[in-house]
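On the provided structure of chain D, position chain R as indicated by the hints.
Protein sequence lines, in the order shown, are assigned to chains D and R.
Residues in the first sequence are numbered from 68 upward in steps of one, following the working numbering.
Residues in the second sequence are numbered from 131 upward in steps of one, following the working numbering.
None of these hints come from the bench; they were simulated from the model.
Small disclaimer: the values here were computed from a predicted structure and weren't measured.
Where hints are given, some of them may not hold.
With a straight-line cut-off of 27 Å between C-alpha atoms, the simulated DSS-like cross-links for lysine-lysine are [unchecked claim]:
| hint | chain 1 | residue 1 | chain 2 | residue 2 |
| --- | --- | --- | --- | --- |
| 1 | R | K264 | D | K304 |
| 2 | D | K233 | R | K295 |
| 3 | D | K99 | R | K180 |
| 4 | D | K309 | D | K239 |
| 5 | D | K141 | D | K99 |
| 6 | R | K295 | D | K304 |
Residues per chain are reported as follows:
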Amino acid sequence: MSNLWRNSVSGLLVVSLFGMLAPSLIAQTAEKGVLTGRVTDPSGGAVTSASVTATSINSGQRQTANAGPDGTYKLELPAGNYRLTFEAAGFNTLEISSATVSATATEVLDGKLEKGEQDNGKPTPTEQENLPNAPSSSTTTPSVSDLGLSPEQTRGNPQEQALLDKRTHMLKIHQRMGLVATIPLVATVILGPGAGGKSEGTAVRDLHVALGSLTGDLYGITAYYAIRAPRIPGTKKRGPIKFHEAMAWIHGPGMILTPILGAMAFSQKNNGEKVHGIASAHGPVAIVTAGAFGAALLSVSVKF
Amino acid sequence: MNKRILIALSLAALTAFAEADTQWILQQSTLTYHVSHPLHQSEGVSHGAKGKGVCHAGQCEFLIAVPVKSFDSGDSNRDLHMIQVTRGAEFPLVTVRTRLPESHATALTINADLEIQFAGQTAQYKQVPFKLDKQGNEIHITGTIPATLTDFKIDPPSLLTMPVKNEIPVRVDLTWDQR
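Isolated chain R, as found in the complex:
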């Protein structure tokens, strides 16, 4: 009888352990957008992203939010123009959502479906490749999101009447900590 109770308790504990929620917190981030203009190239960098991942029953949901104003291109005039064309004062955050199997945490590469809200628009990107490097409780993720201006209905800003290219790839470099 005692054995049965012990087995039942052990099974219950195992089940509870298997279904226990785990969380990932974004520790460090570098997001870099790249803009091409016939006269020069420019990049804007943000270290201001905040993120959280919640895993439950083998599935993890991740959310990253970064203030549009946190991107710095080294030129305040360009940054203000970027905020204006992306409607960054009205829609101050870029949010990225994705859902991944928990087992992917040990993979070397993953392909993620991303839903990005930016400039009052929502765009989806399918199977975006990312590299993973897991060390202890930390995972370092790098990749590039192939964003374009038309995805978010943004009029291409122009300099000397020449517009920038439609492609604005965003390099992602994230370090997540498992809690």
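So here's chain D without its partners, still in its complex pose:
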């Protein structure tokens, strides 16, 4: 009984330790990057009164920086895509519809503001350039509208882009956590034979339990990010992802069943009994579960 209590406490400690580490592991995926540049007037002079606002296309969160005496600004932002607005009194507002901030390199984006005119509702030159149906500059230049593409094919959809951004962000965490979960999973499987069978020692069994608990927690987080990642309407699944998802129907229930059977086997073993009954399925179920997990991982990693 005291053994069971000690094992439970050590298992809880491992789980708690992981609970403390998990948020920081996840937080690392939202690293910050730097967006900087210089705001100038048409002559190239610094616009010291300018403010630069970055709005996250994904979350809608905004951050503003003011230009310094030399017209430079600096924004520290979580990596992602932003819509930028350059504003200054006496100048037209300049909007840049998309700028990518990465955690690995400093993004430099200068803003050249046009003087005088007030907003007349027309798109800025940058916006004009980005319009897929921008009219031709001359009568002999073909334009996109001449090509017979449907409006759905030519019209941008920021909402869908935001959905895709969120999906990718969540699947990146899913992927990383899946890789991290593989380490204790493999260790747990390796320690399996030493934890059961004829062995009377408890050290290996305790470690097996602790690693198994850690694997279960990591697996839970991995699964959460896959299940909660938004689906993109109108997408028909093709290719290895179908196999990857099919494997989840094996390792998902397996990851629930394995610790239940493991707890029964653990209890029997601690009572000095030979593992018997349904508990004896713990090992085979764990092997099938680990195999399905590995196959799922390989199916999206290596081209067969």
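Same frame as chain D, now just chain R:
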């Protein structure tokens, strides 16, 4: 007098003929991008390009547009990721513009300056070589555009924390029809 009128009319007709606009319409297209990752190579193919060329006074201007979503790599997950990193929902088209002398239609090879709009960015490629094969009113053009991810400020997508290579060459196979 009648002769002069006839000559004048003939000259006018010749001039008009010389300056008449001709058009090229893209009949068939296969665009294939190639991505290299340490674990595997992958390609995405699109047959969804639309294109038009307008020739006037000896110069032709061509425009090709292809929906980003029309590229198929055989893996829906990879395609969705490609659309996300290239901001394909927000900027749904890749457009390619080029200007060529009309006389190039009979050449076997041409070098074209291309302006490509993709992922909300514009990149220019100078003197990209293409092979031409003219048969009747049709021209078959093949070549490879040496595109890179940094040209369009695209963060390299990664798999198992390993990013893909920066180079994403795009093979072009186009059949144009003269109208």
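To see whether the hints hold, each was checked on the structure:
The hinted pair formed by R/K264 and D/K304 fails the criterion: a straight-line CA distance of about 40 Å is larger than 27 Å. Simply put, D/K233 and R/K295 have alpha-carbon atoms about 24 Å apart, close enough for the 27 Å limit, and the pair holds. Straight-line distance between C-alpha atoms of D/K99 and R/K180 comes to about 40 Å, which puts the hinted pair past the 27 Å bound. Proposed proximity of D/K309 and D/K239 is supported: the alpha carbons are some 18 Å apart, at most 27 Å.
Distance restraint check for D/K141 and D/K99: the Cα-Cα separation of roughly 13 Å lies within the 27 Å cut-off, and the hinted pair is therefore satisfied. Restraint check: the Cα-Cα separation between R/K295 and D/K304 comes to about 26 Å, which is no more than 27 Å; the hinted pair holds.
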